[in-house]
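All residue numbers for the sequence shown refer to this note's numbering, where the first residue is 23 and numbers rise by one.
Simulated from the structure, these hints should not be mistaken for laboratory data.
Be a bit skeptical, because a hint or two may be false.
[As the list claims (entries may be wrong)] Here are the simulated distance ranges between beta carbons:
{"hint": "1", "residue 1": "VAL218", "residue 2": "ALA27", "range": "25 to 31 Å"}
{"hint": "2", "residue 1": "SER124", "residue 2": "PRO231", "range": "53 to 59 Å"}
{"hint": "3", "residue 1": "GLY243", "residue 2": "ALA59", "range": "20 to 26 Å"}
{"hint": "4", "residue 1": "LEU114", "residue 2": "VAL262", "range": "20 to 26 Å"}
{"hint": "5", "residue 1": "VAL186", "residue 2": "MET240", "range": "32 to 38 Å"}
{"hint": "6", "residue 1": "VAL140", "residue 2": "SER223", "range": "29 to 35 Å"}
{"hint": "7", "residue 1": "ASP97", "residue 2": "VAL262", "range": "52 to 58 Å"}
{"hint": "8", "residue 1": "TRP78", "residue 2": "TYR273", "range": "48 to 54 Å"}
{"hint": "9", "residue 1": "LEU185", "residue 2": "PHE248", "range": "52 to 58 Å"}
{"hint": "10", "residue 1": "LEU137", "residue 2": "ARG263", "range": "32 to 38 Å"}
{"hint": "11", "residue 1": "VAL218", "residue 2": "GLY104", "range": "33 to 39 Å"}
{"hint": "12", "residue 1": "VAL262", "residue 2": "LYS82", "range": "44 to 50 Å"}
We put the beta carbon where it would ideally sit given N, CA and C, even for glycine.
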Amino acid sequence: MISAAALPYTLLILFVELTVGALWVLWVAHLRGKSAASFIKFAAASIFVLASLSFWIAAKLHVGRDVDGYPLDPDYMPAARGAVLLVFVLSLPYAFFTLRESRRAALVAGGAASLAGVAALAFLAQVFAIPTWGYAGTLLSMIVGGLVVGAVSMGMVLGHWYLVTPRLPEQPLREMTFFLLVAMGVQALLLVPALVLPRDSIANAVDTPILQNPFFWMRVGGGLAFPMVLTWMEYDSSGVRAMQSATGLLYLAMALVLAGEVLAKGLLFVSAVPS
């Protein structure tokens, strides 16, 4: 019910979403200037590492005309690789200027890298959009998926700063958590058109309706609904400055969200449902 042959493509989408989404969330936090400077520095360096891994996967992965019966458009893969390379290249000066505390230069580099991230997801969506209900749905699922995995990852990392320095203002973490809740809500809403609108059938997939696929309900329940509950509990905990509990809840939410994204992309290759 999940294609093993599509796992490398699942890994590619997940890493690009994580890199770009984390970059977007961090850049906004950096722009607002309310988060701890040491967190911004650590996160910027981490994104450079993620970007290098994303480019390595994109460079090594061969994209043909289909994977296990799921049609692909390899004509857009060179552009996608180029955009991921640009994210990687621009994330280096972003990390460098952030570590040097050159705020304006860092924000310019981070903004440019963020725009390159938009292009990377736009081209990547073209590669995988052929059998889905439309390019817009595939692109939106990747953008929102990136925002979800990026926000939960950056939120989990930020939570550790409150364990070391309990007197930090709780607003940055609460803002990031609230944004995560909104992004997951949008992700849930996008399931409706993905399930209702017509899509192509996948040639080699098991003939099981998506709503009867147990992996779909694992994705919805364990990768979306339950993390939303945990995130709300974290938002409530951070409001009363129970930061240890809040960080622990974000750990659980991050693990479930990442697992849910893996399931979502795996299901894409057997159902043509972008979720």
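In rising order, the numbers of the hints this structure does not comply with: 3, 4, 8 and 9
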